[in-house]
Amino acid sequence: MGAATSFSGVSDMGLLAAAPFSAVVFFAIVVLLLDFLLPPGRKWVLPLVSLVGLLASSVLVTFLWGREVVGFSGAISLDRFSSFFDLLLLLGTALVVLSSFFYARREGIERGEYYSLLLFATSGAMLMASAVDMVVFFLGLEILSVSLYVLSGFFRDRTVSVEAAVKYFVLGAFASGFLLYGIALFYGAAGSTQYGAMQAMLSSGGDAPTLLVYAACALLMVGLCFKLGSVPFHMWVPDVYQGAPTSVTGYMSVVSKAAVFAAFVRIFGTGLAPVQIELSKVLWVLAVATMTLGNLAAISQTNIKRMLAYSSIAHAGYLLVALTAAGRAGYSSVLFYALAYAFMTLGAFGVIALLRREEQEALDLTSYSGLSTRHPLLSGAMALFMISLAGIPPTGGFFAKFYVFSAAVGAGYVDLAVIGVLNSLVSVYFYMRIVYLMYMKEETVGIEAPPSLAARAALLICVLGTLAMGVFPSGFARLVASSVSAIF
Amino acid sequence: MLLEYIPILVWICLTTGVAAAILLFSHLIGRKRPSDEKLSPYECGIVPTGDARTRIPIKFYMVAMVFLIFDIEAAFLYPWAVVYRNMLFVGLIEMGLFMLILLAGFVYIWKKGVFDWED
Amino acid sequence: MTALLFFVCSLVAIASAALVVSRKNPVHSVLFLIVCLLSVALLFLLLGAQFIAALQVIVYAGAIVVLFVFVLMLLNVKKETVTLHSSTVQKLGAVILVIVLLMEALFVAVMGVGWLSKEAWIAASGISFGTVQSIGRELFTRYLFQFEVASVLLLVAIVGAIAITKKR
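One line per chain: the protein sequences are A, B and C, in this order. Residue numbers are given in our numbering: position 9 of the first sequence equals residue 9, and the series is strictly consecutive. Numbering-wise, our numbering comes out as the position in the second sequence, counting from 1, plus 1000. Numbering-wise, our numbering comes out as the position in the third sequence, counting from 1, plus 2000.
Pulled out of the complex, with its shape left as it was, chain A reads as follows (with noise of 0.2 angstroms):
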């Protein structure tokens, strides 16, 4: 009898809280499935079937926007803050898919596994915005994280590809492994895999396992950490973010680095709240790491998406900044940060996408010099990106550094804010070097940048975003105060 009451609560679980998730699920098995019925010249039809389906899960979390639901008996949320992700985590992954109509045609990766594999990793990392429950959030990880493991290794036939694909596969597995091991003692610590059932433990004020909860988050840390690409699980980063396609290294430097964002805010600033402050102590250490040491690093690299890799990795540490000062001010400006470096490091990607030199990706720095005489559109946007990725007003870059900035000093790490500052001076220098080659050398022959419809499209949806927020910085930030304020 009991059981059979237990089961009758099924229609009240909350569905709708699982149905942006849901719907880019649909359409990835659609993409998947209808790759069989197209013929050969007819594949630009699953970018464009992909895009519906992000387009409706994007209207569906518009529609749900400021509902609170918390579906299947605490396993996922539906709040402003899932809904801000979601709708950061979708609009990344249509613009990824608008430069793969050109870039994955042109590298003969146009297949139906490709788009649904981008929108599988999707769905997981939306997983990852929304869970309030550590199993959730472990499969979100999980599913975006195996698709991307794929994805990188998608040249099946280039040697840097493939191993990028087996070092992101083997070091990752291996980070899930400390991930999981952390679920279990937090598991362990709580008597549940709720993040909420965590927080009240904690502050219940008993005599809580403190060895167990501090052993759970190191082991999460370290996990998290892994798949930020932050000092000192960071290797793997600039030899994986080469050899995968470049689209998909936009992808993995934008929608899964927010998506591991967002689980961090929510696993560390709900559920593990309590214990922020000794939290804190190890965030500094790792922020300063990870900022200097990717910042130095990007310096003497000569390719490209290396060097992007490093920058990346300077990012997540100035990331990590705005988690040390965690708060309200702290994680609002995680949101605004993820939301500009999405623009510019998208449009980057995209730049470099489209560049093409003998027959081959146009990868090496120098092919860049003097890109301004032919593609002055090109290297216009590309010059934007770069100004915004520095920190220089009046781009999106700026006012994410500036609110990052802002709650550390708020917060009281003044000293954080000081060596995050002179970090970005440090940057400036690689980021103006393209700025520097684009317009004051002489033309590199043979660069070719092909005239793609979609790809210019995602270009200047990405040059009017990374400008938008560094023009009205204020109507952004309002946004994220208010996503953030659901969590809290």
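These are calculated hints, taken from the structure and not from any lab test. Computed from a predicted model, the values in this text were never measured in an experiment. Positions of the beta carbon are idealized from the N, C-alpha and C atoms, including for glycine. Possibly wrong hints are sitting among the right ones.
Simulated pairs of lysine-lysine, DSS-like, Cα-Cα distance not exceeding 25 angstroms [what the hints assert, rightly or not]:
hint: 1; chain 1: B; residue 1: Lys1059; chain 2: C; residue 2: Lys2167
hint: 2; chain 1: A; residue 1: Lys167; chain 2: C; residue 2: Lys2024
hint: 3; chain 1: C; residue 1: Lys2091; chain 2: A; residue 2: Lys167
hint: 4; chain 1: B; residue 1: Lys1111; chain 2: C; residue 2: Lys2167
hint: 5; chain 1: A; residue 1: Lys43; chain 2: C; residue 2: Lys2024
hint: 6; chain 1: B; residue 1: Lys1111; chain 2: C; residue 2: Lys2166
hint: 7; chain 1: A; residue 1: Lys43; chain 2: B; residue 2: Lys1111
hint: 8; chain 1: A; residue 1: Lys43; chain 2: C; residue 2: Lys2167
hint: 9; chain 1: C; residue 1: Lys2091; chain 2: A; residue 2: Lys43
hint: 10; chain 1: C; residue 1: Lys2091; chain 2: C; residue 2: Lys2024
hint: 11; chain 1: C; residue 1: Lys2166; chain 2: B; residue 2: Lys1059
hint: 12; chain 1: A; residue 1: Lys167; chain 2: B; residue 2: Lys1059
hint: 13; chain 1: B; residue 1: Lys1111; chain 2: B; residue 2: Lys1059
hint: 14; chain 1: A; residue 1: Lys167; chain 2: C; residue 2: Lys2166
Label-pair ranges, simulated between beta-carbon atoms [as the list claims (entries may be wrong)]:
hint: 15; chain 1: B; residue 1: Ala1081; chain 2: C; residue 2: Val2089; range: 50 to 60 angstroms
hint: 16; chain 1: A; residue 1: Arg158; chain 2: C; residue 2: Asn2025; range: 47 to 57 angstroms
hint: 17; chain 1: A; residue 1: Leu48; chain 2: B; residue 2: Ile1012; range: 57 to 67 angstroms
hint: 18; chain 1: C; residue 1: Ala2094; chain 2: A; residue 2: Pro39; range: 48 to 58 angstroms
hint: 19; chain 1: A; residue 1: Leu48; chain 2: B; residue 2: Tyr1078; range: 49 to 59 angstroms
hint: 20; chain 1: A; residue 1: Ala56; chain 2: C; residue 2: Ala2094; range: 42 to 52 angstroms
hint: 21; chain 1: C; residue 1: Val2089; chain 2: B; residue 2: Tyr1078; range: 41 to 51 angstroms
hint: 22; chain 1: A; residue 1: Arg158; chain 2: B; residue 2: Phe1025; range: 56 to 66 angstroms
We have chain A; now place chains B and C onto it with these hints.
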């Protein structure tokens, strides 16, 4: 609680015991007249060719991988079957969705030709 | 009795795990892996998790080991071609890590959960959480979402495995 497992223990002991006894007795009682032919590895009665360690085609890996995944799927069916009586229609929908999603994977590998052994 | 079984299983698990990583012949490693997995299955059984123990045998000792063997044959790794490059620093690091982990295990066993106490064993034996029935009840109500999402993960795994191996 562990006492419940005594029959399983007995069963394990019996099976290993019988297997060991067969080997032991054939070793002790059987007459041995070894020759080169007899000592060579048995390969379905055909004359053995080369080392057993050769690279096998990737098809085997794919089959093993697919088997593994559907094995995990099947593992979820045990608890479902046991509590099905309590869930009835709801349970049917829950498992139906699960199966439907994995069915997409099945259609994918089928269409992809993983089951075509000759190409 | 249970405590004795626990220690025997744990020792077998640890010893066979050490053999898995130290054998030069990869096929031997796989065989020791089976021993390791089976002894872990017994540990699950001792904790009252019958279903997990069964899964450990069916999925791990069954399907996953078969996959390992196929991959070994696929790569055609011969005994003599396997060379281990490990510096003294790595070895030292490994030893330190092992000591730390063993200390942790000891600490948990003695201090943390009181696994050595008789009460803990009696308490564990009274719980029926590990039966197929109770797992089914939890899985299809409280953890329903996780269950459905698991199918998406499995689907991604299928697509991924085939996408990187199968030629068009």
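Each hint, compared with the structure:
Between Lys1059/B and Lys2167/C the alpha-carbon distance is near 11 angstroms, which keeps this suggested pair within the 25 angstroms criterion. As the CA atoms of Lys167/A and Lys2024/C are separated by approximately 23 angstroms, the hinted pair is consistent with the 25 angstroms bound. With a C-alpha separation of about 22 angstroms, the suggested pairing of Lys2091/C with Lys167/A holds against the 25 angstroms cut-off. Annotation: proposed proximity of Lys1111/B to Lys2167/C holds, straight-line Cα distance about 13 angstroms (limit 25 angstroms).
With a CA separation close to 48 angstroms, the supplied pair Lys43/A and Lys2024/C exceeds the 25 angstroms bound. This hinted pair checks out: Lys1111/B and Lys2166/C have alpha carbons roughly 12 angstroms apart, not beyond 25 angstroms. The hinted pair formed by Lys43/A and Lys1111/B meets the criterion: a straight-line CA distance of about 17 angstroms does not exceed 25 angstroms. For the proposed pair Lys43/A and Lys2167/C, the alpha carbon gap of about 17 angstroms is at most 25 angstroms, so the pair holds.
Between Lys2091/C and Lys43/A the alpha-carbon distance is near 52 angstroms, which puts this suggested pair outside the 25 angstroms criterion. Only pairs whose Cα atoms come within 25 angstroms are accepted, and Lys2091/C paired with Lys2024/C is accepted, the gap being roughly 17 angstroms. As the CA atoms of Lys2166/C and Lys1059/B are separated by approximately 9 angstroms, the hinted pair is consistent with the 25 angstroms bound. Proposed proximity of Lys167/A and Lys1059/B is supported: the alpha carbons are some 24 angstroms apart, at most 25 angstroms.
Distance check on the hinted pair: Lys1111/B and Lys1059/B sit about 15 angstroms apart at the alpha-carbon level, within 25 angstroms; holds. Pair hint Lys167/A plus Lys2166/C holds up; C-alpha atoms about 21 angstroms apart against a cutoff of 25 angstroms. In this structure the supplied range 50 to 60 angstroms holds for Ala1081/B paired with Val2089/C, their Cβ-Cβ distance being about 53 angstroms. Roughly 33 angstroms separates the CB atoms of Arg158/A and Asn2025/C, a value that falls outside the hinted 47 to 57 angstroms.
For Leu48/A and Ile1012/B, the Cβ-Cβ distance of about 59 angstroms falls inside the hinted range of 57 to 67 angstroms, so the restraint holds. Between Ala2094/C and Pro39/A the CB atoms are about 55 angstroms apart, so this pair conforms to the stated range of 48 to 58 angstroms. Here the CB-CB span from Leu48/A to Tyr1078/B is close to 42 angstroms, at odds with the stated 49 to 59 angstroms. Judged by the Cβ atoms, the range 42 to 52 angstroms given for Ala56/A and Ala2094/C holds: they are separated by roughly 51 angstroms.
Look at Val2089/C against Tyr1078/B: about 47 angstroms separates their beta carbons, and that is inside 41 to 51 angstroms. Hint check: Arg158/A to Phe1025/B, Cβ distance near 59 angstroms, so the stated range 56 to 66 angstroms holds.
Comparing the model with each earlier hint shows violations of hints 5, 9, 16 and 19; every other hint is respected.
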